[in-house]
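The lines below spell out each chain.
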Amino acid sequence: MITLPFLVLFPAVIAILLLLVSADAWRRLVVKAGALIIGIASLYLLFITPETGPGFFPVEFDSISELMFLAEMVIAAFLVYLGIKYKKYLAIFLVVAQAALLVYYESLAATGTHIVPNLFIDQFSLILALIIGIIGSLICVYALGYMATYQEHHPEVRDRRRTFFFLMFFFLSSMFGLVFSDFLPWVFFFWELTTLCSFLLIGYSGTGEAINNAFLALNMNLLGGIAFVGALLYLAFVSPGGELLNISTLIHSGHMVALVPAVLIAFAGITKAALMPFSAWLVGAMVAPTPVSALLHSSTMVKAGVYIIVRFAPVLTGTMEGLIIGLIGGFTFLLASAIAISQSNAKKVLAYSTIANLGLIVACAGVGTYKLVWAAILLIIFHAIAKSLLFLCVGTVEHRIGSKDIEDMTGLIVRMPHVAVMMFIGIAGMFLAPFGMLISKWAAIEAFIEAQFGLIFVAILAFGGSITVFFWSKWMGKIISVCPVAAKVENRIPQEKWIALSLLTAMTVFICLAFPLISSYLIEPFVLSVYGATTRLSQDNVTIMVMMLFLLMIMPFSLLWFRKEKNIVPPYMAGRPATPDLHFLGSMGVTRQVTLGNYYLEEVFGEKRLFMAGTALCFGLILLVGTLTAGVAL
Amino acid sequence: MILLEYAVLFIVLAPFIGGLLAGIDRKLTARMQGRVGPPILQPFYDVGKLFQKEQIVVTPSQHFYVLSYLVFIVASGALFFAGGDLLLVIFAFTLAHIFLVLGAYSSYSPYSFIGAERELIQIIAYEPMIILAAVGMYMVTKSFFVWEIMTSSLPLILYLPGVFLGFLMVLTIKLRKSPFDLSTSHHAHQEIVKGVTTEFSGPMLARVEIAHWYENVFLLGFIYLFFAWNPLVGIIAIIVAYLLEILIDNTFSRATWKFTLKSAWIIAGMMGLVNLGVLYYLSGVVPV
Chain X
1 MITLPFLVLF PAVIAILLLL VSADAWRRLV VKAGALIIGI ASLYLLFITP
51 ETGPGFFPVE FDSISELMFL AEMVIAAFLV YLGIKYKKYL AIFLVVAQAA
101 LLVYYESLAA TGTHIVPNLF IDQFSLILAL IIGIIGSLIC VYALGYMATY
151 QEHHPEVRDR RRTFFFLMFF FLSSMFGLVF SDFLPWVFFF WELTTLCSFL
201 LIGYSGTGEA INNAFLALNM NLLGGIAFVG ALLYLAFVSP GGELLNISTL
251 IHSGHMVALV PAVLIAFAGI TKAALMPFSA WLVGAMVAPT PVSALLHSST
301 MVKAGVYIIV RFAPVLTGTM EGLIIGLIGG FTFLLASAIA ISQSNAKKVL
351 AYSTIANLGL IVACAGVGTY KLVWAAILLI IFHAIAKSLL FLCVGTVEHR
401 IGSKDIEDMT GLIVRMPHVA VMMFIGIAGM FLAPFGMLIS KWAAIEAFIE
451 AQFGLIFVAI LAFGGSITVF FWSKWMGKII SVCPVAAKVE NRIPQEKWIA
501 LSLLTAMTVF ICLAFPLISS YLIEPFVLSV YGATTRLSQD NVTIMVMMLF
551 LLMIMPFSLL WFRKEKNIVP PYMAGRPATP DLHFLGSMGV TRQVTLGNYY
601 LEEVFGEKRL FMAGTALCFG LILLVGTLTA GVAL
Chain H
1001 MILLEYAVLF IVLAPFIGGL LAGIDRKLTA RMQGRVGPPI LQPFYDVGKL
1051 FQKEQIVVTP SQHFYVLSYL VFIVASGALF FAGGDLLLVI FAFTLAHIFL
1101 VLGAYSSYSP YSFIGAEREL IQIIAYEPMI ILAAVGMYMV TKSFFVWEIM
1151 TSSLPLILYL PGVFLGFLMV LTIKLRKSPF DLSTSHHAHQ EIVKGVTTEF
1201 SGPMLARVEI AHWYENVFLL GFIYLFFAWN PLVGIIAIIV AYLLEILIDN
1251 TFSRATWKFT LKSAWIIAGM MGLVNLGVLY YLSGVVPV
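Those sequence lines, one after another, are chains X and H. Position 32 of the first sequence, counted from 1, bears residue number 32 in this note's numbering, the numbering being contiguous throughout. Position 17 of the second sequence, counted from 1, bears residue number 1017 in this note's numbering, the numbering being contiguous throughout.
Check each hint, because a few of them may be wrong.
Unchecked claim - Derived pair list, reagent style BS3-like, types lysine-lysine, alpha-carbon separation capped at 25 Å: (1) X/K566 / H/K1049; (2) H/K1262 / X/K608; (3) H/K1194 / H/K1027; (4) H/K1258 / H/K1194; (5) X/K564 / H/K1053; (6) X/K566 / H/K1053.
Honestly, the hints are just simulated from the structure, not real lab data. Just so it is clear, the structure is predicted and the values come from calculations on it, not from any experiment.
Please take these sequences and the hints and turn them into a complete structure.
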């Protein structure tokens, strides 16, 4: 089947093409055509994915592993060069350590028998591929409009848009490679490519802050990469023939052999998914242009981290190690949600909410019963759509009002009505019934009750879930405040942005209607093939949710009826004389204007305090799981 | 099994029960304060009068949020009495409350804005305990469906005494009783005027009031679940619980948001979680 290699290689071809094309008109054409083809090709996967179990596609090209090794060495040399250039010695050390381990691994593997690596696809890979192919390419289209404005607004940043789009598409390419690879050394190769792409994209603007944050991301991900090579080495020792290097055989080989590599790879996943104590890199990555954040948060990078942990969930389930990894996820969910309350920068709120949700996914995958894996996959889907929509909305707003602070978004419903409605839907998608994320949290609560030690996670979900209500609602409240002094600024938004925004909004709503289908055609067959059992929401509940959704969609029409309201009065100002634009006579005879600010509850939910607590707690848990695993390995 | 007839009964009867309850509440409160108090039917007269008033708004979109609040309160209460999934009921109630909060935000008024923020703090204060209560009921009856919990012959209260106490604590918040009436209050005087409801008037305010009646009936239904094995005990428990709430309302002064949040969470942790933990441990020892 040609589609899998096509999806891995085609975005790379587009990427190279974009590196060569410098005229803006041509770039637009290539990006749009490329995105369209990638989107269609990923949809085509729906027809070629087998209904049960994975489908394997052998790759008839011998020296591919050697080429990958060569590429890895070139990348290492490149990173060392950058490390010397910016005097980042820790990064150099980590790169060299990882490269040395890799060379050692190759020397071991070269003596063993070679198996023929396969590309493979099953329903889970398919879901990820759809997310990458559709959402990822929509973000690339959006970036066309965004980057043009970005370069206008930031004349100090050198215009490296060719490199930028090269990296964006190359990122998609490596993500496709990652989800289609069955052979772990290949997974590792693509894993390193995503690390490299994110590193370069975060440092795009070239400011000191961007460079520092890029190296922070690099260091943390290299740490995970080293653990990943450790897993490869371990497997090379226990199975010199290399059979266990395939994910499909490894996860069915029983806890005894698979546990150590599973934990090491889960550690790599934790660094990539930016769970505590590694959450700092994802927050730091906010210095990058917004499409990069959208890409990192929704369809690439962090999703690679949770993808691999969910893959290994069958190995982790029922073990102490799995439980502790789940706890790292659970505490990350709770604390990152709480930190989000204290943030007023919209991108940081989104970043912490992403970290929280990734934590929840890892909590599900770490405990790893079949019901929880079902919930985890559902979370991955819903999160990808709603979060990319929110990032793109924030990016659009940022360019029109010149700020990404939530406090400056007062009355967005008046100033940018369409974008505000889309943002509203995106936020609703993140936490309200009957939208997606809530369905998954609900499923997770039900599944955790039955799991071992599940009560801890139920408590975490009960508290963490209500915390998320707070920060999302107050943001919603800000944008829907009908501020009497606001002027409309929703013009001059490029067409590319509108395309991406409207499609993602439609998907956020559509996916809630379609999720029973997605569950029964994609998620349930996967869970069934891995665990031999599966789950779903009861029919009654699905019916009620669909009814709620329709009710929600009907309600806005009531505005047509109420629109003719004539008696409009200014808000109550405690009897003080106030003008219609809310100026009032304050004390000492000074005229002031009303300004309203949200609560951030710094004292209780301050970032510094909770971040320290989370880092300490999760670092301790990682040490614990490391000790336990070392005990198993020796 | 969804029992539609009970849902219809709830939709028709709840406003009458809720209004009557409010009337009795006011009468008892007045007596506790040494006043004669209004007639029992006063809440109905009030709401009737509100409907006759001319509607004024700060922004027409307030209508949308308030109507959605009412509709979703009714829908989730109906789902509860029809025997639906308890967690879904709780989430639907949260959705309804978010609409009330958004309605307060939409007017860009200083007082309702602070009310909205406080209402959100109240939501995060009470929600964990309510979810834990549902989880506790699941642990005993092995079902989230209200009709299965209702028909279970097990005396839930004996398994879940801590959860019940925790629920009573958050009930004070939900019923908007002092000391936890931060966001809006039944009492005439409050430092932030009328909080979330400051900018609602006339028929719109009447809708908020009716939604509150519906909600109170739902909450009493929730109390009943703990005693469902014996209807008589259940009704007595509801009456005692409500009287207790009125007493608390009249004896405590208003707390700060920080105290509210901390005490609600500590109670949820101490009462709810410890209770569930013991239950969880025991279920391994003795089959529940």
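Verification of the supplied hints:
1. The straight-line distance between the Cα atoms of X/K566 and H/K1049 is roughly 21 Å, inside the 25 Å bound, and the hint therefore holds.
2. Under the criterion of a C-alpha separation no larger than 25 Å, the hint pairing H/K1262 with X/K608 is consistent with the structure, at around 20 Å.
3. The suggested pairing of H/K1194 with H/K1027 holds, with an alpha-carbon distance near 21 Å, which does not exceed 25 Å.
4. Between the alpha carbons of H/K1258 and H/K1194 the distance comes to roughly 20 Å, so the proposed pair stays at or under 25 Å and holds.
5. In summary, the hint linking X/K564 to H/K1053 is supported, as the alpha carbons are separated by about 17 Å, within the 25 Å threshold.
6. The suggested pairing of X/K566 with H/K1053 holds, with an alpha-carbon distance near 14 Å, which does not exceed 25 Å.
In this structure, none of the earlier numbered hints is contradicted; all agree with it.
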